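Enquirer: Based on the hints, put chain Z in the right spot on chain X.
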Amino acid sequence: MLNLNKIKSQFPLFKKHPKLHYLDSAATTQTPQVVLDAMNNYYTNFRANTHRGLYNLSIEASQAFQASRASLASFINAQTEELIFTSGTTYGLNSLAYTLGPRLSHRDNVVLTRIEHHANLVPWQQMAKHYGFELRFVELTTPTTVISNHSEKSLAHQTTNRDSSSPRGSLGMTSCELDMESAKKLIDKNTKIVSFTLASNVLGTVNPAKEIVALAKKVRAISIIDAAQAVAHFPIDVQDIDCDFLVFSGHKMYGPTGIGVLYGKKIMLEEHIEPFLFGGEMVNEVTFENATWNDVPLRFEAGTQNIAGVIGLGAAVKFIQEIGWSEIQSHEQSLTNKLINELTNVGAQIVGSNTCHSESPVVGGEESPAHSTDGQRSLVGASLTRDDNGKVALPNRIGVVSFTLPGIHPHDVAEILNQNNVAVRAGHQCAMPLHKHLGLSATVRVSLGMYTTKEDADALIAAIEKTKKVFK
Amino acid sequence: MDDLYQQALLDLYKNPLNKKPLSDFTIRQEENNPLCGEQVELFVKFDEHDRVTDVGWESEGCSISQVGASLLTDYIKNKTREELKTITSDEVIKMTGLNLNPARLRCLLLCYTALQKILTT
Chain X
1 MLNLNKIKSQ FPLFKKHPKL HYLDSAATTQ TPQVVLDAMN NYYTNFRANT HRGLYNLSIE
61 ASQAFQASRA SLASFINAQT EELIFTSGTT YGLNSLAYTL GPRLSHRDNV VLTRIEHHAN
121 LVPWQQMAKH YGFELRFVEL TTPTTVISNH SEKSLAHQTT NRDSSSPRGS LGMTSCELDM
181 ESAKKLIDKN TKIVSFTLAS NVLGTVNPAK EIVALAKKVR AISIIDAAQA VAHFPIDVQD
241 IDCDFLVFSG HKMYGPTGIG VLYGKKIMLE EHIEPFLFGG EMVNEVTFEN ATWNDVPLRF
301 EAGTQNIAGV IGLGAAVKFI QEIGWSEIQS HEQSLTNKLI NELTNVGAQI VGSNTCHSES
361 PVVGGEESPA HSTDGQRSLV GASLTRDDNG KVALPNRIGV VSFTLPGIHP HDVAEILNQN
421 NVAVRAGHQC AMPLHKHLGL SATVRVSLGM YTTKEDADAL IAAIEKTKKV FK
Chain Z
1 MDDLYQQALL DLYKNPLNKK PLSDFTIRQE ENNPLCGEQV ELFVKFDEHD RVTDVGWESE
61 GCSISQVGAS LLTDYIKNKT REELKTITSD EVIKMTGLNL NPARLRCLLL CYTALQKILT
121 T
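As you go down the protein sequences, you meet chains X and Z in turn. Each residue of the first sequence is one higher than the one before, counting from 1 in the numbering used here. Each residue of the second sequence is one higher than the one before, counting from 1 in the numbering used here.
Isolated chain X (complex conformation) (with noise of 0.2 angstroms):
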């Protein structure tokens, strides 16, 4: 188990604010000291610009970005040279629909989801009415309900006793998945980008990548996943999912602001996809007339990079792995489930699936968690399921749990949980179809970090009983 207090105290927001309780990471995680040093470190005893110079101090800048480029490969389990650092997500996902863009016609389509967050929607809808494709949205396996208040007593129960003889069922009306029939009729010969989030910042659901890239695949499409709010949570293997381009943030993994990741397949770089930006360094050899380019990945990193954030955000790769996923995913998970749990008891519609879990065969083939009678839910089998190449399963969801409290308007439970020192996400989670196509005009989201502890869970439903009290 993770040691809670150490963790937290690796984060100097948290010495300054000692009675927040931050549970926003979904929106920027806090930063540990490791990484505040690691920056300071490159502007206070080594900063030069890397690439150019040949004294002492540009070659030791160099070296540590791309000591930092390596980790980041290695962390998803990339090669070096796939790895393009961008501003972030935004940054990816526009450089993606702008370079591929143009190459489509009316006769084409681009495959997203109704979950995308507004960076993976908006460019490809400018692209659209540009170059005349189609956009295609994935549907959610159920038309997703939020549960009526007067059955949160029943839902209680049947989220702790899921089986196949449930009166309800599994509970698929709150699931909230991607509906995989809808995926393979939408994805057809002229679909040409297959675009997609790992996890999604409303529901907290984990998308089946691995199936989806597969389905891309069959009909040669272009896959390309949005890992913002996967990067933090739980392992990802590039090579295993064999997606074409994934993209992340650096500010949600710890990491600096103003910093992300643009991992391409090396045979995309090189061949399928131009330079989107020109200038310094992406440059082989440039005459008056015409120019040449740099190797991959350097031709797409015009101009002088973010040299603090790329060298900050190795720093935080390894701080993750020196904690390691499995400790990171089972507090998470353990957390994710007390939260979705005592959240239900107070009388919150949580929008999305109920309960948090690795993909395993389960003990008695039940998949959800067993309830213990503290009224919290353990995982089954706390460490990781790996499956038979060793590779580790994806969770369902991660801890990302949005709400709404019947009668209560999301701004005004998020002011007064403000008012208690709990800090929450109010409003459409830059996801506003999404929430239009599931008839809410806002919620409240709730997100964990590796540091959130259960005191931080606790103060939240503390403040939520005061809500409730105020507006009674």
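Careful: at least some of the hints might be erroneous.
Claimed, not checked - Under the rule of at most 27 angstroms between Cα atoms (straight-line distance), these lysine-lysine pairs were calculated in the DSSO-like manner:
1) Z:K19 x X:K436
2) Z:K117 x X:K436
3) Z:K94 x X:K436
4) Z:K19 x X:K468
5) Z:K14 x X:K469
6) X:K469 x Z:K117
7) X:K469 x X:K19
8) X:K338 x X:K472
9) Z:K45 x X:K472
10) Z:K20 x X:K472
11) Z:K20 x Z:K94
12) Z:K94 x Z:K45
13) X:K436 x X:K468
Stated by the list, open to error - In silico negatives: residues of chain Z with every beta carbon more than 10 angstroms from chain X:
14) S23
15) L35
16) E38
17) Q39
18) D47
19) E83
20) S89
21) K94
22) G97
Unchecked claim - Label pairs and their calculated CB-CB ranges:
23) X:G53 x Z:P34: 53 to 63 angstroms
24) Z:A8 x X:P18: 45 to 55 angstroms
25) X:G407 x Z:P34: 22 to 32 angstroms
26) Z:G97 x X:D240: 53 to 63 angstroms
27) Z:A8 x X:N45: 51 to 61 angstroms
28) X:Q321 x Z:G97: 49 to 59 angstroms
29) Z:A8 x X:L277: 49 to 59 angstroms
These are computed hints drawn from the structure, not numbers from a lab. Given the structure is predicted, the values throughout are model-derived calculations rather than measurements. Glycine residues also receive a C-beta, built at the ideal position from the N, C-alpha and C atoms.
Expert: Chain Z alone, transformed into the frame defined by chain X:
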């Protein structure tokens, strides 16, 4: 900050003023808050002298936006279009007596923003 949810304002939230759609109106204006997806719909009826004879609004927003819409719509009754133009956002904020952060100011002033659009058309 607990004042934010003081009883008078909560009462106003639970029993909002002028919260009704008008079937007979001169102008109707929608306004959105992209932060939370809230939408307010403001209906104003002017007479031949450009004086407000009736006003109504609809929204499913938070308490702050409901309070803002209630207070503003009550305040503009029987005022002329020219008089409406002189109402500042600070006046609306003062009506509530609240000290709001910028995000919540947007909630409070959603209906006011709709009114500004009516006045410039």
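Enquirer: So, for every hint listed, does it hold in this structure?
Expert: Right, here's what the structure says about each hint:
Between K19 (chain Z) and K436 (chain X) the alpha-carbon distance is near 23 angstroms, which keeps this suggested pair within the 27 angstroms criterion. At roughly 25 angstroms between alpha-carbon atoms, K117 (chain Z) and K436 (chain X) fall within 27 angstroms of each other, so this suggested pair holds. Proximity of K94 (chain Z) to K436 (chain X) is assessed by CA-CA distance (about 34 angstroms); at most 27 angstroms being required, the pair is judged violated. Proposed proximity of K19 (chain Z) and K468 (chain X) is supported: the alpha carbons are some 24 angstroms apart, at most 27 angstroms.
Simply put, K14 (chain Z) and K469 (chain X) have alpha-carbon atoms about 14 angstroms apart, close enough for the 27 angstroms limit, and the pair holds. The suggested pairing of K469 (chain X) with K117 (chain Z) is violated, with an alpha-carbon distance near 37 angstroms, which exceeds 27 angstroms. Pair hint K469 (chain X) plus K19 (chain X) holds up; C-alpha atoms about 22 angstroms apart against a cutoff of 27 angstroms. About 25 angstroms separates the Cα atoms of K338 (chain X) and K472 (chain X), which keeps this hinted pair within 27 angstroms; it holds.
A threshold of 27 angstroms between alpha carbons decides the hint, and for K45 (chain Z) with K472 (chain X) the separation of about 35 angstroms lies outside it, so the pair is violated. For the hint linking K20 (chain Z) to K472 (chain X), the alpha-carbon distance of about 23 angstroms falls within 27 angstroms, and the restraint holds. This hinted pair checks out: K20 (chain Z) and K94 (chain Z) have alpha carbons roughly 24 angstroms apart, not beyond 27 angstroms. Distance restraint check for K94 (chain Z) and K45 (chain Z): the Cα-Cα separation of roughly 25 angstroms lies within the 27 angstroms cut-off, and the hinted pair is therefore satisfied.
With a C-alpha separation of about 25 angstroms, the suggested pairing of K436 (chain X) with K468 (chain X) holds against the 27 angstroms cut-off. Non-interface call for S23 (chain Z) relative to chain X: holds, since the shortest CB-CB distance, roughly 24 angstroms, exceeds 10 angstroms. Against the 10 angstroms criterion, L35 (chain Z) falls within the reach of chain X, whose nearest CB is about 5 angstroms from its own CB. At roughly 6 angstroms, the least C-beta separation between E38 (chain Z) and chain X is not larger than 10 angstroms, which violates its mark as non-interface.
In this structure Q39 (chain Z) is not separated from chain X by more than 10 angstroms, as the shortest Cβ-Cβ distance comes to only about 8 angstroms. At roughly 34 angstroms, the least C-beta separation between D47 (chain Z) and chain X is larger than 10 angstroms, which holds for a residue marked as non-interface. Distance to chain X confirms E83 (chain Z) as a non-interface residue, since its nearest Cβ pair spans about 31 angstroms, more than 10 angstroms. Annotated as non-interface, S89 (chain Z) keeps its C-beta farther than 10 angstroms from every C-beta of chain X; the closest such distance is 19 angstroms.
Every C-beta of chain X lies more than 10 angstroms from that of K94 (chain Z), the closest at about 20 angstroms, which supports listing it as non-interface. Every CB of chain X lies more than 10 angstroms from the CB of G97 (chain Z), the least distance being 16 angstroms, so the non-interface label holds. Distance hint check for G53 (chain X) and P34 (chain Z): the Cβ-Cβ separation is about 45 angstroms, which falls outside the suggested range of 53 to 63 angstroms. At roughly 34 angstroms, the beta carbons of A8 (chain Z) and P18 (chain X) sit outside the given window of 45 to 55 angstroms.
For G407 (chain X) paired with P34 (chain Z), a C-beta distance near 24 angstroms keeps the hint of 22 to 32 angstroms intact. Taking the beta carbon of each, G97 (chain Z) and D240 (chain X) are about 59 angstroms apart, inside 53 to 63 angstroms as hinted. Range check, A8 (chain Z) to N45 (chain X): Cβ separation about 59 angstroms, and the 51 to 61 angstroms hint holds. Between Q321 (chain X) and G97 (chain Z) the Cβ separation comes to about 53 angstroms, which falls inside the hinted range of 49 to 59 angstroms.
For A8 (chain Z) paired with L277 (chain X), a C-beta distance near 56 angstroms keeps the hint of 49 to 59 angstroms intact.
In the structure shown, a violation is registered for the earlier hints numbered 3, 6, 9, 15, 16, 17, 23 and 24, in ascending order.
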